[in-house]
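These protein sequence lines map, in sequence, to chains A and B. Add 40 to a position in the first sequence, counting from 1, and you land on the number used in this note's numbering. One point on numbering: in this note's numbering, the residue at position 12 of the second sequence is 1, and numbering is uninterrupted.
Keep in mind the hints are simulated off the structure, nothing from the lab. None of the values given here were measured: they were computed from a predicted structure. Mixed in with the good hints, there may be bad ones.
Computed, partial: chain A to chain B, Cβ under 10 Å [said to hold, decoys possible]:
{"no.": "1", "residue": "52"}
{"no.": "2", "residue": "68"}
{"no.": "3", "residue": "90"}
{"no.": "4", "residue": "96"}
{"no.": "5", "residue": "123"}
{"no.": "6", "residue": "125"}
{"no.": "7", "residue": "149"}
{"no.": "8", "residue": "151"}
{"no.": "9", "residue": "153"}
{"no.": "10", "residue": "162"}
Every residue, glycine too, gets a C-beta built ideally from N, C-alpha and C.
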Amino acid sequence: MSKTLVPAGTLYRGREGQWSWVAHRITGVVIFFFLLVHVLDTSLVRVSPEAYDAVIASYKNPIMGLGELGLVAAIVFHAFNGIRVILVDFWKKGPRYHRQMLWSVVGLWAVVMIAFSIRHLMHVFGG
Amino acid sequence: MATPTIESPRSGRVSPGYSRSSASRGNFEMIAWLFMRLSGALLVVLIFTHLWVNLVSGDGISAIDFGFVAGKWADPLWQIWDLTMLWLAMLHGTNGIRVIINDYAEKNSTRMWLKGVLYTSTVVIVVLGTLVIFTFDPCPVIDGVAHVADYCPAT
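Next comes chain A alone, as it looks inside the complex (with noise of 0.2 Å):
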């Protein structure tokens, strides 16, 4: 275990760019499976008007309540860096700045996070 565990030459680079793709893609996959489920869930009122009202109550539940943050923090994470990964892509100073608008990203993923955590949970526990 000394210095030589570390790769010679590997491609990846770490930091704000590789950690930023990572991200990208795990919320990316999250979101999809959710899509998949939500779909479903609501195709449940073409069943009948009791069917869906049974499964939308437990997505009223607390633990579906901390899960809907989870979601939601993910849906808004990948929408910020995505809007990131256009600039980067299409606005000339994009790649010199992708650093400071993956803070920018983060920075606003928390102020976007806090206060919808605030009004959900409020949604979710004020009955």
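With chain A held as given, fit chain B onto it using these hints.
Below, chain B alone, put in the same frame as chain A:
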């Protein structure tokens, strides 16, 4: 412990899908790349509005039930909104998963199977969701029993 060697791009074997000389795939990958950016920008607006209306405004998630859906889909704007969101999100997500499968599944047969499952799921979900939006009945009669709601005609 041996360290894995990662070759620099295009130093050796190039996957046929990425070969620049093969014209068989045309510019599909470029169109897909562009689609991800265009649909992504639109989805930010569509989904943030969707989350605002359904989870933030009013009573949020505690107000969601069959009547809430009926109220929204009585307006063609929300039907079109949800239809656009369904198609764009499913195609955006499917292409994202396709890229991830291409990146991590090394065997041809594994890639083929995973993408087969992916595309089948996509078609099923998109067709199902589209049918649900357009065949939705706010006042269904199930087994001879009419749904009771203030917006439904009294029987």
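Quick check on the hint: residue 90 of chain A CB to chain B CB, less than 10 Å? Where the cut-off is 10 Å and the nearest Cβ of chain B is about 8 Å from residue 90 of chain A, the hint holds.
Does the nearest C-beta of chain B fall within a distance shorter than 10 Å of the C-beta of residue 123 of chain A? holds, 7 Å
Hint residue 52 of chain A vs chain B: min CB-CB distance below 10 Å? Result: holds, 8 Å to nearest chain B Cβ.
Minimum Cβ distance from residue 149 of chain A to chain B below 10 Å? At about 13 Å, which exceeds the 10 Å cut-off, the nearest Cβ of chain B leaves the hint on residue 149 of chain A violated.
If you take the shortest Cβ to Cβ gap from residue 68 of chain A to chain B, is it below 10 Å? holds, 5 Å
Residue hint residue 151 of chain A, partner chain B, criterion CB-CB below 10 Å: With a closest approach of 14 Å, the residue 151 of chain A hint is violated.
Using 10 Å as the Cβ threshold, decide whether residue 96 of chain A counts as touching chain B. holds, 6 Å
Does the interface hint hold: is residue 162 of chain A within less than 10 Å of chain B, judged Cβ to Cβ? Nearest chain B Cβ about 8 Å off; hint holds.
Once the shortest beta carbon distance from residue 153 of chain A to chain B is found, is it less than 10 Å? violated, 12 Å
Hey, does the residue 125 of chain A contact hint survive, CB to chain B under 10 Å? holds, 8 Å
This entry does not satisfy hints 7, 8, 9, going by the numbered hints stated previously.
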